[in-house]
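Chemist: Listed here are the chains, written in short residue letters.
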Amino acid sequence: MEIIVTGIFLGGIYALIAMGLSLQYGVARIMNLASGEMLVAGAFAGFWVYTAQSVSPYVALLIVVPAAFALNWLIYRYLMLPLVRRAKSRGHLEVDSILATFGLSFAMVGIMLAVFGGSFFNYSYLSQPVTLFGSIYGLNRVVAFSVAVLICGLLWYGINYTRHGMAIRAVSVDPDAAGLVAINVTRVSTFAFALGGAVAATGGTLLSTFLTLDASIGIIFTMKALVIVIMGGVGDIRGAIVAALALGLAETFVATVIDPGLTLAAAYLLFILILLFRPQGLFGRRTS
Amino acid sequence: MSRRELLVAVLVCVAFALLAFLPVLPNNDMLMALAVPIAMYTVLATSWALFSGPTRYISLATAAFYGIGAYTVAIGLESLPYPVLLIVAAILGGVVAALVGAATLRLSGVYFVIFTLGLAELVRQVVTWFQNNFTGTRGSYVFTDITEAHIYWQLLALAFVVFLIGWLIGRSRLGFAMRIIGDDELVARHVGIHTAGAKIALFIVSGAFAAVIGGVMAPRFVYIEPAIAFSPQLSFMVVIMALLGGVHRLWGPLVGVIPFTIAWELIAAQFPSQTVLLMGFAFLIIVFFIPNGVVGLIENAFQRTRNRGGREHG
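Heads up: the protein sequence lines correspond to chains A and B, in order.
So the number in my numbering is just where the residue sits in the first sequence, counting from 1, plus 7.
So the number in my numbering is just where the residue sits in the second sequence, counting from 1, plus 9.
The shape of chain A in the complex, shown without the other chains (with noise of 0.2 angstroms):
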């Protein structure tokens, strides 16, 4: 039972963290690597807020979400749109993205190691004890948690039963044929880019509420992200959500039963699996 509440409230926030990168490489086209050093980013801003100014990390949110949403909207207007718009096909696209966000994620990583320094930071807030189901758990993973919920909802609503929501569903689905209905292909997709960074440095303040973290730990949550969405399929947000919660489970059950130093091969046991069996992802259809 202890196993699976843990699993569950670390999966809520990678299901998070997971949908920013979805909307970053499912509606941007953009497979974007650097999505764990915004997060890191947004985590090392609620240490910061917490520990110099002894504010909440979650005032720190009102800060880190837009700060984070202008970041990845110039990221995305002047560093990849010249790749968007130079490439010949998706493939193409693909491989120059991914090499120019590594050059991003290292430059990140490289940028934060000379401010912050190479070494582990974590802080303690609302670590008091709060009993579940007969067990018990940290206060600051309950709010984190409910916060990483209430964010996924929102999401979830405005993509699926707003106007704009339809917009960048027609993106994701095609871009050329959603440049024909009059939408601004390019506005979008820059919005979309942008609010997948802001939701990515989110989960970072939220994960640092609870977790030790460390300026190169960013690649890290960038390949679980990358997992999550490829399992539940590009662009599912219901796959991606049942995603997380797996690897949430499996990460902690495996932590707990075998060796802490395992949890990245569990997630790569699943990536095999899904690979292996169901390639188009948990509720894809297949394409071709």
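Read the hints as simulated data drawn from the structure, not as lab findings.
A few of these clues could be false.
FRET-style restraints, in silico, Cβ to Cβ [as the list claims (entries may be wrong)]: (1) Ile70/A / Leu183/B: 50 to 60 angstroms; (2) Ala77/A / Cys22/B: 26 to 36 angstroms; (3) Val156/A / Phe298/B: 21 to 31 angstroms; (4) Arg229/B / Lys95/A: 42 to 52 angstroms; (5) Leu280/A / Asn36/B: 53 to 63 angstroms; (6) Val104/B / Thr169/A: 45 to 55 angstroms; (7) Leu108/B / Lys95/A: 30 to 40 angstroms; (8) Gly165/A / Ser181/B: 23 to 33 angstroms; (9) Phe298/B / Ala184/A: 44 to 54 angstroms; (10) Lys95/A / Leu275/B: 36 to 46 angstroms; (11) Tyr85/A / Pro268/B: 23 to 33 angstroms.
Residues from chain A that keep clear of chain B, each with C-beta distances beyond 10 angstroms, as calculated [said to hold, decoys possible]: (12) Glu9; (13) Val72; (14) Tyr132; (15) Ile143; (16) Tyr144; (17) Trp163; (18) Tyr164; (19) Ile244.
Over 10 angstroms on every C-beta distance to chain B, these chain A residues come out as not near it, computed from the model [as the list claims (entries may be wrong)]: (20) Phe76; (21) His99; (22) Val102; (23) Gly117; (24) Asn147; (25) Pro182; (26) Asp183; (27) Leu218.
Using N, Cα and C, we set each Cβ at its ideal position, and we do this for glycine too.
Following the hints, position chain B against chain A.
Modeler: For chain B alone, coordinates are given in the frame of chain A:
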């Protein structure tokens, strides 16, 4: 073989023969300190480009294969002779490459990149876990009487082999198939090429080379533990160098390896804490300004002057 190819072959052989005398030069410490990494990265980047050049599949698995090779030598040194261990390393690297390829190369390129990105970390976690729980020790010592010069000669020989194999593949049916796959995979499938099989075959070649390099370099470490052997930075260095040089020619990566290794050794010695940042900028510069590598730039410039010349005469 045409007369021009014969000439190139002779020149290459002469160049290799001359390079083989490098370790016997007097006062060569500085030179060897650069020559070993250059030779190592030449083999790694060239064998990487054999697979990734025509297919445009970015493999980040080099560090995993390299680590597997280094570990094979480190663990097996007491029970097996060194040359046998290198062969074992090549086979292990090839087998892992075949497994990874079989799982991912039937699908689109993104799956492959993501999978290889984590492969080194995955193998590292498994090896660490295995050693913690079953053997009790984390690292192993590598004591041999192999000197820097021996390593250099081995690397040089491997470089010769990798160029030879690359040239042979380029002339073979497999190389022809790869060029078609690179141009348009759908076309390749329709003319009856077993695309997944061809890709897996080349990935095995590139994995086996990286594993042998790991085995060759192992004596240089003296002490090997998972965090050292599976350092992911190696994979990225290889990608940067190969792309910097240009992957559409067999000798392209070499053009990237030599200046980048020299620059890297100089800069990393000056600013050891800024290496990550530098690597980031190197990636960005390559993607935005030299997408076809230095070789591509040279060829473009050459083409342009030739066109201009043609117009003036015509």
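Chemist: Could you run down the list of hints and mark each one as holding or not?
Modeler: Outcome of the hint check:
1. Taking 50 to 60 angstroms as the suggested C-beta distance range, the pair Ile70/A and Leu183/B conforms, at roughly 56 angstroms.
2. Look at Ala77/A against Cys22/B: about 58 angstroms separates their beta carbons, and that is not inside 26 to 36 angstroms.
3. The hinted range of 21 to 31 angstroms is not satisfied by Val156/A and Phe298/B, whose Cβ atoms lie roughly 44 angstroms apart.
4. Here the CB-CB span from Arg229/B to Lys95/A is close to 43 angstroms, well matched to the stated 42 to 52 angstroms.
5. A hinted range of 53 to 63 angstroms holds for the C-beta pair Leu280/A and Asn36/B, which are about 57 angstroms apart.
6. About 52 angstroms separates the C-beta atoms of Val104/B and Thr169/A, a value consistent with the hinted range of 45 to 55 angstroms.
7. Roughly 32 angstroms separates the CB atoms of Leu108/B and Lys95/A, a value that falls within the hinted 30 to 40 angstroms.
8. At about 54 angstroms, the CB distance of Gly165/A to Ser181/B disagrees with the hint of 23 to 33 angstroms.
9. A beta carbon spacing of about 33 angstroms between Phe298/B and Ala184/A contradicts the range 44 to 54 angstroms that was offered as a hint.
10. At roughly 37 angstroms, the beta-carbon separation of Lys95/A and Leu275/B lies within the given 36 to 46 angstroms, and the hint holds.
11. Our hint of 23 to 33 angstroms for Tyr85/A and Pro268/B holds, since their Cβ atoms are close to 28 angstroms apart.
12. At the 10 angstroms boundary, the C-beta of Glu9/A stays outside the reach of chain B, the nearest C-beta of that chain being 23 angstroms off.
13. No Cβ of chain B approaches the Cβ of Val72/A within 10 angstroms, the least distance being about 25 angstroms, so the stated non-interface status holds.
14. A cut-off of 10 angstroms between C-beta atoms confirms that Tyr132/A is not in contact with chain B; the least separation is 29 angstroms.
15. Here Ile143/A stays apart from chain B, with its beta-carbon at least about 28 angstroms from theirs, past the 10 angstroms limit.
16. Remark: the non-interface label on Tyr144/A is consistent with the geometry, its nearest Cβ contact in chain B lying 26 angstroms away (cut-off 10 angstroms).
17. Listed as outside the interface, Trp163/A is consistent with that label: its C-beta sits roughly 24 angstroms from the nearest C-beta of chain B, beyond the 10 angstroms cut-off.
18. Tyr164/A, annotated as away from the interface, keeps every beta carbon of chain B farther than 10 angstroms; the closest lies near 29 angstroms.
19. No beta-carbon of chain B is positioned within 10 angstroms of the beta-carbon of Ile244/A; the least distance is around 19 angstroms.
20. With a minimum CB-CB distance of about 22 angstroms to chain B, Phe76/A clears the 10 angstroms threshold, and the non-interface call stands.
21. Not every beta carbon of chain B lies more than 10 angstroms from that of His99/A, the smallest distance being close to 8 angstroms; the non-interface claim is violated.
22. With 10 angstroms as the threshold on Cβ separation, the claim that Val102/A sits away from chain B is violated: the shortest Cβ distance comes to roughly 5 angstroms.
23. Once the 10 angstroms rule is applied to beta carbons, Gly117/A is inconsistent with being away from chain B; the minimum gap is 3 angstroms.
24. Non-interface call for Asn147/A relative to chain B: holds, since the shortest CB-CB distance, roughly 27 angstroms, exceeds 10 angstroms.
25. The claim that Pro182/A lies off the interface holds: its Cβ sits roughly 17 angstroms from the closest Cβ of chain B, which is beyond the 10 angstroms cut-off.
26. The beta carbon of Asp183/A is kept farther than 10 angstroms from every beta carbon of chain B, the shortest such distance being approximately 18 angstroms.
27. Separation of Leu218/A from chain B is adequate, the least Cβ-Cβ distance of about 18 angstroms exceeding the 10 angstroms criterion.
In this structure, the earlier hints numbered 2, 3, 8, 9, 21, 22, 23 are contradicted, and the remaining ones agree with it.
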